[in-house]
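Student: Make the full structure from the sequences, and use the hints.
2 protein chains.
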Amino acid sequence: MIRIAALACLLATCLGLGFSAHADEGMWTFDNLPLKEMQSQYQFTPSADWLAHVQHAALRVKDGCSAAFVSGDGLIITNQHCIGECLASLSSPKRDYTSDGYYAYSREQELRCPQMEMEQLTDSHDVTAEMSKRLKGLSGDEYADAFRDISSTLEQVCADGDTHRWSCEVVDLYHGGRYVLYKYRRYQDLRLVFTPEYAVAAFGGDPDNFNFPRYSLDVALLRAYDRDQPVQSEYLALATSTPSVGELVFAAGNPGNTARGRTLAELKALRDDDLTPALVYYSELRGMLEEYAHEGADQRRMAYANLGEVDNLIKSHEGQLEALQDQTALERKAADEQALREWVLADPARKAEYGDPWNAIAVAEQRQHALITRYRMLEQGWGLESRLFDYARLLVRGVVERDKPNGRRLPEYRDANLPQVEQMLFSDAPVASDYEELMLGWSLTKLREALGADDPLVRKVLGRDSPEQFARRAVDGTQLDSAANRQRMWRDADFMEISNDPLIVLAAKVDNAAREVRKQYEQQVLAVIHSQGEIIARARFARDGTGMYPDATFTLRLSYGQVQGWQEDDRKVPAFTDLAGLYARATGSAPFALPPRWMAAEPQLPAATHLDFVTTNDIVGGSSGSPVIDRDGKLVGLVFDGNIHSLGGDFWYDGDANRAVAMDDQALLVALRKVYNMPALADELVTGHIQAANLAPKASGQ
Amino acid sequence: MIRIAALACLLATCLGLGFSAHADEGMWTFDNLPLKEMQSQYQFTPSADWLAHVQHAALRVKDGCSAAFVSGDGLIITNQHCIGECLASLSSPKRDYTSDGYYAYSREQELRCPQMEMEQLTDSHDVTAEMSKRLKGLSGDEYADAFRDISSTLEQVCADGDTHRWSCEVVDLYHGGRYVLYKYRRYQDLRLVFTPEYAVAAFGGDPDNFNFPRYSLDVALLRAYDRDQPVQSEYLALATSTPSVGELVFAAGNPGNTARGRTLAELKALRDDDLTPALVYYSELRGMLEEYAHEGADQRRMAYANLGEVDNLIKSHEGQLEALQDQTALERKAADEQALREWVLADPARKAEYGDPWNAIAVAEQRQHALITRYRMLEQGWGLESRLFDYARLLVRGVVERDKPNGRRLPEYRDANLPQVEQMLFSDAPVASDYEELMLGWSLTKLREALGADDPLVRKVLGRDSPEQFARRAVDGTQLDSAANRQRMWRDADFMEISNDPLIVLAAKVDNAAREVRKQYEQQVLAVIHSQGEIIARARFARDGTGMYPDATFTLRLSYGQVQGWQEDDRKVPAFTDLAGLYARATGSAPFALPPRWMAAEPQLPAATHLDFVTTNDIVGGSSGSPVIDRDGKLVGLVFDGNIHSLGGDFWYDGDANRAVAMDDQALLVALRKVYNMPALADELVTGHIQAANLAPKASGQ
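Top to bottom, those sequences are chains A and B.
Quick note on our numbering: the first sequence kicks off at 742 and runs consecutively.
Quick note on our numbering: the second sequence kicks off at 742 and runs consecutively.
Heads up, none of these hints are tricks.
Copies of the same chain are indistinguishable here, so a pair counts whether it falls within one copy or spans any two.
Straight-line Cα separation of at most 20 Å, EDC-like style, residue types lysine to aspartate or glutamate; simulated pairs:
| no. | residue 1 | residue 2 |
| --- | --- | --- |
| 1 | Lys1056 | Asp1196 |
| 2 | Lys1187 | Glu1063 |
| 3 | Lys1313 | Asp1195 |
| 4 | Lys1250 | Glu1178 |
If you are wondering where the hints come from, they were derived from the structure by calculation, not from laboratory data.
Treat the numbers as computed from the prediction; the structure is a model and nothing was measured.
Tutor: Rendered as structure tokens:
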């Protein structure tokens, strides 16, 4: 699965830079499509209406996925793996929606996801001139402050005082080549309508992840509400049949971040200081959670609510690491970089204008090497893995930050982002104390390991406790497990009165050190990479001109391609799988076990129904949940993964082997009708409107 | 801790190649010491007697450590972390020697370690001429077969028909520059006399591992027996006082393997195809075992018997990886390599003689990349982690191999090695079924992940089972948990009759594939690296002459250096720690908790007694348990670790920061007398002879 974590999309990973594209390559902005290439290769040019329609139907899932409206009554399609947090929040020891799926047979049964948010891109506006004017000649702190000020101002004006309804964001395309102000309509009341059993959504589990042939129904349907009424929306109608091999298809979604324009020094740093440590960290977490899952039903539920993402992260990191260990590819990259450097050096004027941004970035990467461990542990949460701690930090920082002028705050506390903070903080998702203790204790061990037992902060935090003892006392003693308490603390100006809460105390103890290393990291690493990368981008523009696509930035893009298998060594991988293949692969043992209702339904299901398919669309993490659309603008499938070769897609696109993996809509319709007895929901998908049967409450048909 | 796993010392990792050494650098063979340098730097030249004495007192611990005789009655000193397997084997739910330590207050209480073996180097004999004659001009299969044949013949002649008493081994020094036949006296009846609580031996645990200041008493005393009587041996007498800063000290031990002569391609392959995947694998295992330890006392005991080694492996791999990510060091390496290549190319005759071994090795490393995962999973046991499976494989292969002529067998089944195989196989150490299930189930998951769910062998092994289901049935159904059954199977020629044992069936199913990939790996990777490395070594010899030390090969070496702290950034790290420091660091929480008897003894202990110290000796993994010896040939300490900078020691020696970490003998004496009430044992150490008090049985004084 190819979801990204949106918070990982920091400046450094969201830098964009373009290339001259190969056939089917590219994650294009809607206003700069390679129309000529599309026309010449596929004899199709999307109209302005086609594009506007698709744009308005497409959605961004705030924490790292894509989605789309699929009925005029606010029905939304995305992947099950994109709503894991919602399922975990709604589950309890008695009802495990993560494992069992969820089926709303009436609108009253539609369950609100406590912390979910989606955004619809309604408007965009080029602000390059304003931004460039304010940023010109600045660097370091001044640059970062000015960037923050101007974008904050632009975003505030754009949201027009209604940050609950609108979210605005200055997006940096082409690595500073273009700044665009995106305006989103926010949807925060999202209710779960349908998602199948985990065993079906994630059929094949980790072994099949990033592989094909693939047999998953990785889908979820939600409904957006506004003031308790279904949202009326533009939507993608379902195509009436499965696409054919070679057929032109589009994917509209929010690829998270690509690094196709990064320097060699950045890629090496990514390999050594990012991917490798993350693999080690998450592998240990995986081992722990796998074993924790054996300790009881509750533990199993909590572990599995998180394991999917951990497994996925490990596999995708391994794929990226493998790509970055490819000596040939790195040498190609080095040659490309060298050519541009020489082009700059060849002319004194260019030399004066551009300087040596490559070296400046290499130096910044050395700083990164020195800072990254502390930054990750203290600020990115590796050493403080706990939802309760996250609450504590939001509260502790919230007091300080909200006192500052908007433009001077940490970005996450700007007015425009406060609704999301409050949504997190006030969520009534239950807190599993045992799990919190496990995670906090473990991650404090990692903190001590990374910074050393003699680090003053580690000593200040742990005192004479072991990490486990500390975690037990903190979780036992905190009041932050209650949403009401958190609300009171957030709103109570006289905040210090509750500051003897052990997690508040912890967050306060850590805060200075965490802010300090964040500041160093942002100034000495991210800002340098950002500003120097902009210089490289300008040089490349100057040499090559435009006509390229920007590196992905977790904003709306359109990719085009065709339904097509590929050649894997001496084996031809077909474009489609079908239900017959699903049953053939079902061994009865997880992750290859089908739920009883699927086993029972087998005789009723047309075996030849397509289940999943692959396309040449250029997608990466964040594209999960992207609708796959035919030339008529109809929905034919839903991206939920890439094949193993797509993992190098962060660095380059290889049209021969790089494939997007999508679920076929037809499989969803068949499942709704024949497996789940939800004909009204299937009809809503087909007609585009809510069915009378779903308007009134009704007993569950399960 | 710096123990190595002896089995990891395959051809590739044991290749040796020397350098011109810097002050204190080098792991020297006893017959080729840098006497001039030693004399000029330390005004000391060891005599032939001095060297013979040290050599005869020194021991090699078969599974990856060093040790030494410390009394004339067979008393041996090594590290506690070197006898973990013994402690686990002897422990049970009722008596946890791993955690509680062990204290024999009489000879009758000395407990035999079921699978332990030590070796004393008695003789060595240069066989370069014989080997070179037979190997000349051979490559690939022919080379490997001839190597096996000739070394097997030499070893057999050397052991003179008594493989229970003698073990012989052709050792490849200077990467084929010199072959030496080493003859060892074997000790297989080793009995545990004393080892402290784990909390003391591993005080500071993983956080303090590879760090200094350090406060561990990582020691174990064993006694070698022959026909039920203590072995009479040469031994190292204890020095009467602690060494002083700047004092010349020697370490005599068996550094496992260094890679100082490896090519750049080998180091990159080590980084990408070895260290990184191992880190990921063992991190997951660590997470699992840490959590498993929470599930009960038995689970805790089993987990902790293995976790120390896993933690250690992770930390040492991280240190090595960090070293190999050092761009400057790699560039220096590249320059050194380039200079030798150019020297070869500069002369047509040299070009004709040496060819391009660097490229040949780079090609072999590409083969390694293609083969390594399968090799590791099937042949090195990553996909089949279980002691019961190891037994099954020994039995299944034993039948086939013992039918072959000695020289054609897999090396581990040659006559000379059969005693060790039998010792493993007939061990009566109890098998913990629950733990076996855990490990087998988990590792089969890794096997499926690594080879893919569609791999034919994976399908053949798992059928419709999940890895956990398979592991449960196999462990429940096997008869291999009984040593008597294993003995019967090993000796019963009509072996097939018991072949419906599920683990025997598994071993048989896997065997062809495992042998096949092992053969490919040995021929296409190891043999090429070996023979081409030999060519590079010859070229280097031709250019630079001798006077170098060979890369470590887990054979006896002497290093020299001085007791000395180092400068860590702006902090001066002192050479010694003392008991006062130990008590100051004890927080009461593991791994910084002292056992009650240590807390009680504090007033009786002289606070200024030195506990641990650091020296500039050039040591690496395998040196654990090396005696630290003064110029009088007296024992002053016991190596048990290196500092964090020593981890780059596999690739280069940095005298400014690379330090060996040793326990001071004086701390051991104080502990025996004042904490453990074992004065007779302390007296044996001081006098060199067993004390009357220990000759007769006596109730435990605990």
